[in-house]
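Fit chain B to the known structure of chain A by using the hints.
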Amino acid sequence: MKSKNNKHLLIMGAFAFIGVILFVATVVLTYTAFFAWLEASGGSPILDVWEIRGELPPENASIIHLTEKDFEQHPALDSAIRGDNLDPGAWYLGDTPYGVLDKRTIGSAPVTYLEREVLIESFGPDVEARNQPYIEYDGAYYYFLTLIP
Amino acid sequence: MEEDKKLESRNRPKTAAIIIACGLAGIVAVALGLMLADALILYAMEGSGGQPMLYVMERAEPGESTVVPLTEQDFERHPALDAVIRGEERNPSAWEWGYRDQRVIGGTKVSYRKSKALHDAYGPQGERGLYPLMEYEGAYYVVLTTWP
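Taken in order, these protein sequences are the chains called A and B. Each residue of the first sequence is one higher than the one before, starting from 1 at the first, in this note's numbering. Each residue of the second sequence is one higher than the one before, starting from 1 at the first, in this note's numbering.
With the rest of the complex left out, here is chain A:
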């Protein structure tokens, strides 16, 4: 009788041991796999914003006036134009989507691929007509590009 009880206890102990091992292994594996995947997919696109100046904008130009709601909904754009990632460079004459103009870098911020898509759909070029809108905020004009790593 006693040996039968011992046998039962032994079996229960074995179950509990296997269960605990599997439980811990699953937690550790899933956790490390997730963060390893995050690190491996580290190269995120970069949003680069430029300011342009001159006789802007020309007649019939498409202008998007940025609102507080836009900044709220696009934190990367906010941080590049007026936030932590604002880091204006020197003015120089260079190529822009609107021709050769005086321009300077204003700021850049990392974005996810989905954010990049959302920014392009909201303020990016008209892909079919190859027409880039002017982005206006506080009297200054901007355009942006997103660089894929």
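Be aware that one or more of the hints could be misleading.
As the list claims (entries may be wrong) - In silico EDC-like pairs for lysine to aspartate or glutamate, Cα to Cα no more than 16 Å straight-line:
1) B:Lys114 / B:Asp82
2) B:Lys114 / B:Glu46
3) B:Lys109 / B:Glu135
4) A:Lys69 / B:Glu88
5) B:Lys109 / A:Glu72
6) B:Lys114 / B:Glu76
7) B:Lys116 / B:Asp74
8) B:Lys109 / A:Asp138
9) B:Lys116 / B:Glu61
10) B:Lys109 / A:Asp70
11) B:Lys114 / B:Asp38
12) B:Lys109 / A:Glu68
13) A:Lys69 / A:Asp138
14) B:Lys109 / B:Asp82
15) B:Lys114 / B:Asp74
To be clear, the hints were calculated from the coordinates, so they are not data collected in a lab.
Then chain B, alone, in the frame of chain A:
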């Protein structure tokens, strides 16, 4: 000899029961482990300081995607979705920017937990990982969640 055989045949169901119990214990342990890992990952992400966002894109045509109607229950369960599609976070862009067959309807900040719930409910599905199109009042929407 015959007794040995009898004993063996009597032990067979016992062995099968032990194997089944072991299997079940394993499945339960793995399931519990996955749940705990999920909770730990969410906890770690919440503490990372990043800001997940919810965006809703409107598509002009449903194409070949699966169309699922959005119900009042969806809006009740996900107030952020309600705010973006028909509330104060609605801020549609013009159709002509980007690809003309879609536009951004709006976006809002959400917690990692809510972002995950939205991703599970409306994110890519099936082997091909296609986003289902959510239909509401004749318009087709794609629900996007971003994790920084």
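Agreement of Lys109 (chain B) and Asp70 (chain A) with the hint, judged by alpha carbon distance not exceeding 16 Å = Holds, at about 12 Å.
request  = For the pair supplied as a hint, Lys69 (chain A) and Asp138 (chain A), confirm whether the alpha-carbon distance does not exceed 16 Å.
outcome  = holds, 14 Å
Restraint status (C-alpha distance of Lys69 (chain A) to Glu88 (chain B) at most 16 Å) = Holds - the C-alpha atoms of Glu88 (chain B) and Lys69 (chain A) are around 10 Å apart, at most 16 Å.
ask   = Lys114 (chain B) and Asp38 (chain B): Cα distance at most 16 Å?
value = Between Lys114 (chain B) and Asp38 (chain B) the Cα gap is close to 14 Å, so the pair holds against 16 Å.
Agreement of Lys109 (chain B) and Glu72 (chain A) with the hint, judged by alpha carbon distance not exceeding 16 Å = Holds - the C-alpha atoms of Glu72 (chain A) and Lys109 (chain B) are around 8 Å apart, at most 16 Å.
ask   = Taking only the CA atoms, is the gap from Lys109 (chain B) to Asp82 (chain B) under or equal to 16 Å?
value = Answer holds: Lys109 (chain B) to Asp82 (chain B) is near 13 Å, not above 16 Å.
request  = Sort out whether Asp138 (chain A) lies within 16 Å of Lys109 (chain B), counting only the CA atoms.
outcome  = violated, 24 Å
query = Between Lys116 (chain B) and Asp74 (chain B), does the CA-CA distance stay at or below 16 Å?
reply = holds, 15 Å
ask   = Would the pair Lys114 (chain B) and Asp82 (chain B) pass a check requiring their Cα atoms to be no farther apart than 16 Å?
value = Given pair Lys114 (chain B), Asp82 (chain B) holds - Cα atoms ~13 Å apart, limit 16 Å.
ask   = Under the criterion that the straight-line Cα-Cα distance not exceed 16 Å, is the pair Lys116 (chain B), Glu61 (chain B) satisfied?
value = violated, 27 Å
query = Are Lys114 (chain B) and Asp74 (chain B) close enough, with their CA atoms no more than 16 Å apart?
reply = holds, 13 Å
inquiry  = Holds or violated: Lys109 (chain B) and Glu68 (chain A), Cα atoms, limit 16 Å.
reply    = holds, 14 Å
Comparing the model with each numbered hint stated earlier shows that hints 3, 8 and 9 do not hold.
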